[in-house]
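Given next are the chains, with one letter for each unit.
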Amino acid sequence: MSADFLYGIEVVINGLMAGVLYALVALGFVLIYKASGIFNYAQGVMALFSALTLAGIMSGQVPFAHLINAIFGTDIHYFGWNVPVLAAIILTLIVMVIFAWCVQRFVFRHLVGQEPIILFMATIGLAYFLEGVGDLMWGSDIKTLNVGLPQGGSRFVEDATAGLGGDDFFGFFIDKLDMVATVVAIILVAGLIAFSQYTKQGRAMRAVADDHQAALSVGISLNFIWVLVWSLAGLVALVAGIMWGAKSGVQFSLSLIALKALPVLMLGGFTSIPGAIVGGLIIGVGEKLFEYLIGAPYLGGATENWFAYVLALLFLVFRPQGLFGERIIERV
Amino acid sequence: MNEAVMDKNAPYVTEDGRQIGGVMMDLRDITLRFGGVEAIKAISFDIREGEIRAIIGPNGAGKSSMLNVISGFYKPQEGEVYFRGQKRPPMKPYQVARQGVARTFQNIALFQGMSVLDNVMTGRMGHIKSNMLAQAIWAGKAQREENENREAVERIIDFLEIQAIRKTPVGRLPYGLKKRVELARALAAEPDLLLLDEPMAGMNVEEKEDMSRFILDVNDEFGTTIALIEHDMGVVMDLSDRVVVMDYGRKIGDGTPDEVRNNQEVIDAYLGVAHD
Chain P
558 MSADFLYGIE VVINGLMAGV LYALVALGFV LIYKASGIFN YAQGVMALFS
608 ALTLAGIMSG QVPFAHLINA IFGTDIHYFG WNVPVLAAII LTLIVMVIFA
658 WCVQRFVFRH LVGQEPIILF MATIGLAYFL EGVGDLMWGS DIKTLNVGLP
708 QGGSRFVEDA TAGLGGDDFF GFFIDKLDMV ATVVAIILVA GLIAFSQYTK
758 QGRAMRAVAD DHQAALSVGI SLNFIWVLVW SLAGLVALVA GIMWGAKSGV
808 QFSLSLIALK ALPVLMLGGF TSIPGAIVGG LIIGVGEKLF EYLIGAPYLG
858 GATENWFAYV LALLFLVFRP QGLFGERIIE RV
Chain U
41 MNEAVMDKNA PYVTEDGRQI GGVMMDLRDI TLRFGGVEAI KAISFDIREG
91 EIRAIIGPNG AGKSSMLNVI SGFYKPQEGE VYFRGQKRPP MKPYQVARQG
141 VARTFQNIAL FQGMSVLDNV MTGRMGHIKS NMLAQAIWAG KAQREENENR
191 EAVERIIDFL EIQAIRKTPV GRLPYGLKKR VELARALAAE PDLLLLDEPM
241 AGMNVEEKED MSRFILDVND EFGTTIALIE HDMGVVMDLS DRVVVMDYGR
291 KIGDGTPDEV RNNQEVIDAY LGVAHD
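Line by line, the protein sequences are chains P and U. If you count the first sequence from 1, position 285 lands on 842 in the numbering used here, and the numbers rise without skipping. If you count the second sequence from 1, position 262 lands on 302 in the numbering used here, and the numbers rise without skipping.
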């Protein structure tokens with residue numbers, strides 16, 4: 558096999574793995590959109606906030622330290638302990654559940670039955686609010702998030718594949734973190750599917766997504782389901798936050814990864830979990846392959862920044878409901 | 041009205057041999073307003089255990105509103121609801137449902153994207169007790185419970201003769217079958233009180249006969265108390281033990297079908313009255 562062809566395959570594999578991370582963010586959007594019809598602009602900020610919280614808890618940071626110090630004239634910043642990874646993750650999850658409850662109790666409970674655009678605006682407000690809270694709680698400096706995930710290229714894969722090509726091929730370079738992210742994403746999706754298909758709460762979630770009145774009439778509490786859905790979105794955000802945070806550090810630009818989820822959703826459809834995954838993979842592979850084959854040689858590179866959006870635009874023109882979305886049929 | 045019906049706690053046996061018990065649900069002076077419009081004006085009536093109670097009246101009389109009050113979808117401004125002898129505090133619809141009151145809707149409210157089986161399974165919501173994790177991984181107890189619920193659901197599916205469409209997404213079914221699936225979902229909850237909002241609206245004669253048979257069978261075999269709204273007078277007279285008649289939010293008649301049929305006010309409401 559020629560080295561060029563093998564590099565092409567490597568690009569595809571790396572694209573798939575980048576796509577998994579996009580899919581993770583998109584998944585959070587789909588969960589909330591399906592169950593409540595809310596397009597949650599704050600999903601990216603939730604990923605940022607959960608990563609900040611996790612990093613903060615692990616390093617024993619005092620939440621709201623600046624605020625406390627400013628008010629009481631104290632000078633505390635750290636508790637002076639380090640929380641083990643697993644305990645910190647569980648604590649962060651609890652924080653995300655509390656956040657979910659607050660969102661439902663103080664925002665969306667008062668907006669039941671409002672236009673989708675109003676709900677969307679509310680989530681924009683929520684995004685900025687959460688970003689501010691994250692800043693106030695944990696400070697605005699860039700944090701490293703070291704949860705013990707392996708980093709760097711996998712020597713194993715490199716050695717194992719080096720023999721495939723000729724002398725100028727040195728094996729596939731695949732980031733270990735990407736491999737872990739893929740495995741975690743698969744587990745997460747399998748878990749979510751098991752949850753929604755086989756549990757009472759999952760069935761109730763699908764029921765609420767389908768028809769509110771009917772759900773009430775069989776004894777489902779809408780409030781409970783919505784808190785549950787936001788909690789699940791929080792869990793997905795945390796997983797995405799850990800992966801992205803481990804990759805590039807926990808910084809406020811992390812919330813912008815949510816923007817990359819938009820083309821994924823347009824491709825996959827807003828209402829389909831498999832759609833979010835396939836959409837993420839297509840965008841991931843598409844942008845890497847486009848860069849490798851056309852972008853870098855002919856267009857001067859850096860096509861990864863816009864390729865996804867152009868692809869999404871094409872989809873909007875020819876298949877507005879996405880690959881897997883429900884067909885929009887107006888009966889007259 | 042005869043003596044037995046007047047005495048609220050005395051059970052009696054109908055002509056066709058069904059046992060009618062004491063009062064299950066008692067509505068006292070219910071008034072419901074939407075802004076300035078009074079949809080229900082100080083109405084009182086009761087529903088007795090084991091009976092089929094019909095609510096009839098011309099369009100806009102407030103029948104559906106009444107059913108919505110009973111099932112908790114509307115909160116009346118005045119009046120009290122007594123359920124099994126206890127005054128019911130203001131409740132959300134899902135809480136009422138968990139108390140054993142199931143219902144169907146005038147404009148069918150089914151989960152369109154789910155299969156018939158899944159739809160009916162949602163009716164079992166209150167009968168699943170094991171925790172989320174156990175259900176997700178199908179641990180022993182959860183699996184046994186799921187199987188029990190499946191059996192109960194299959195019994196109801198057999199009972200309503202919808203075996204053939206078990207796996208079909210509800211959105212694809214014709215109207216008459218959707219109505220039947222909705223009834224199946226309500227029955228799956230094994231309710232004490234079943235509320236049917238126009239179960240036969242828009243059906244042809246044959247479908248109406250089927251539905252009437254099912255309603256009678258449900259009442260007979262499971263002993264379920266049923267309150268229903270219906271326009272077809274023939275059906276109402278055949279099915280129900282007692283009838284409440286509403287017009288413009290007021291109650292204008294209450295009694296056995298025969299009594300109601302001969303009530304002058306009811307006749308006027310239905311046929312119109314000459315004004316000079």
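The hints are simulated quantities; they were obtained by calculation from the structure and are not laboratory data. In this text, all values refer to a predicted model and were calculated from it rather than measured experimentally. Backbone N, C-alpha and C define an ideal beta-carbon position, used for all residues, glycine too. Among the clues, some could well be false.
Stated by the list, open to error - Chain U residues, not near chain P, derived (Cβ > 10 Å throughout):
id, residue
1, F74
2, N99
3, F113
4, P133
5, D158
6, G166
7, E186
8, E188
9, R190
10, R195
11, D198
12, T296
Unchecked claim - What follows is a set of in silico ranges between Cβ atoms, one per label pair, in the way DEER data are often shown:
id, chain 1, residue 1, chain 2, residue 2, range
13, P, G709, U, G180, 42 to 48 Å
14, U, E201, P, L850, 58 to 64 Å
15, P, L693, U, P129, 36 to 42 Å
16, U, G263, P, L648, 48 to 54 Å
17, U, G57, P, I674, 18 to 24 Å
18, P, Q770, U, P214, 54 to 60 Å
19, U, K169, P, G709, 45 to 51 Å
20, U, P98, P, G670, 44 to 50 Å
Claimed, not checked - Cβ-to-Cβ under 7 Å is the rule here; a few derived chain U residues that face chain P:
id, residue
21, G61
22, G140
23, T162
24, M165
To see whether the hints hold, each was checked on the structure:
At the 10 Å boundary, the C-beta of U:F74 stays outside the reach of chain P, the nearest C-beta of that chain being 15 Å off. Every Cβ of chain P is farther than 10 Å from the Cβ of U:N99; the closest lies at roughly 21 Å, confirming the non-interface assignment. Distance to chain P contradicts U:F113 as a non-interface residue, since its nearest Cβ pair spans about 7 Å, not more than 10 Å. A beta-carbon of chain P is positioned within 10 Å of the beta-carbon of U:P133; the least distance is around 4 Å.
Not every CB of chain P is more than 10 Å from the CB of U:D158 (nearest about 7 Å), against its label as outside the interface. With a least beta-carbon separation of about 5 Å from chain P, U:G166 fails to lie farther than 10 Å from that chain, contradicting its non-interface assignment. Look at U:E186: its CB is around 8 Å from the nearest CB on chain P, not clear of 10 Å, so calling it non-interface is violated. Look at U:E188: its CB is around 13 Å from the nearest CB on chain P, clear of 10 Å, so calling it non-interface holds up.
For U:R190, the non-interface assignment is confirmed: its Cβ lies about 12 Å from the closest Cβ of chain P, beyond the 10 Å cut-off. No beta-carbon of chain P comes within 10 Å of the beta-carbon of U:R195; the shortest separation is about 18 Å. For U:D198, the condition that its CB be more than 10 Å from all CB atoms of chain P holds, with the nearest at approximately 20 Å. Annotated as non-interface, U:T296 keeps its C-beta farther than 10 Å from every C-beta of chain P; the closest such distance is 30 Å.
For the hinted restraint 42 to 48 Å between P:G709 and U:G180, the CB-CB distance of approximately 44 Å keeps it satisfied. In this structure the hint that U:E201 and P:L850 lie 58 to 64 Å apart at CB holds, the actual value being about 60 Å. Roughly 41 Å separates the CB atoms of P:L693 and U:P129, a value that falls within the hinted 36 to 42 Å. About 52 Å separates the C-beta atoms of U:G263 and P:L648, a value consistent with the hinted range of 48 to 54 Å.
Checked against the given bound of 18 to 24 Å, the beta carbons of U:G57 and P:I674, roughly 60 Å apart, lie outside it. Distance hint for P:Q770 and U:P214: a CB-CB separation of about 21 Å, inconsistent with the stated range 54 to 60 Å. Between U:K169 and P:G709 the C-beta distance comes to about 49 Å, which sits within the given range of 45 to 51 Å. The beta-carbon spacing between U:P98 and P:G670, approximately 29 Å, falls outside the hinted interval of 44 to 50 Å.
At a threshold of 7 Å, the smallest CB-CB gap from U:G61 to chain P is about 24 Å, leaving the interface hint violated. For U:G140, the interface hint is violated, the least distance from its beta-carbon to any beta-carbon of chain P being 10 Å, above 7 Å. For the restraint placing U:T162 at the interface with chain P, the shortest Cβ-Cβ distance is roughly 5 Å, inside the 7 Å limit, so the hint holds. Contact between U:M165 and chain P, as hinted, is supported at the beta carbon level, the nearest pair being about 5 Å apart and thus within 7 Å.
Comparing the model with each earlier hint shows violations of hints 3, 4, 5, 6, 7, 17, 18, 20, 21, 22; every other hint is respected.
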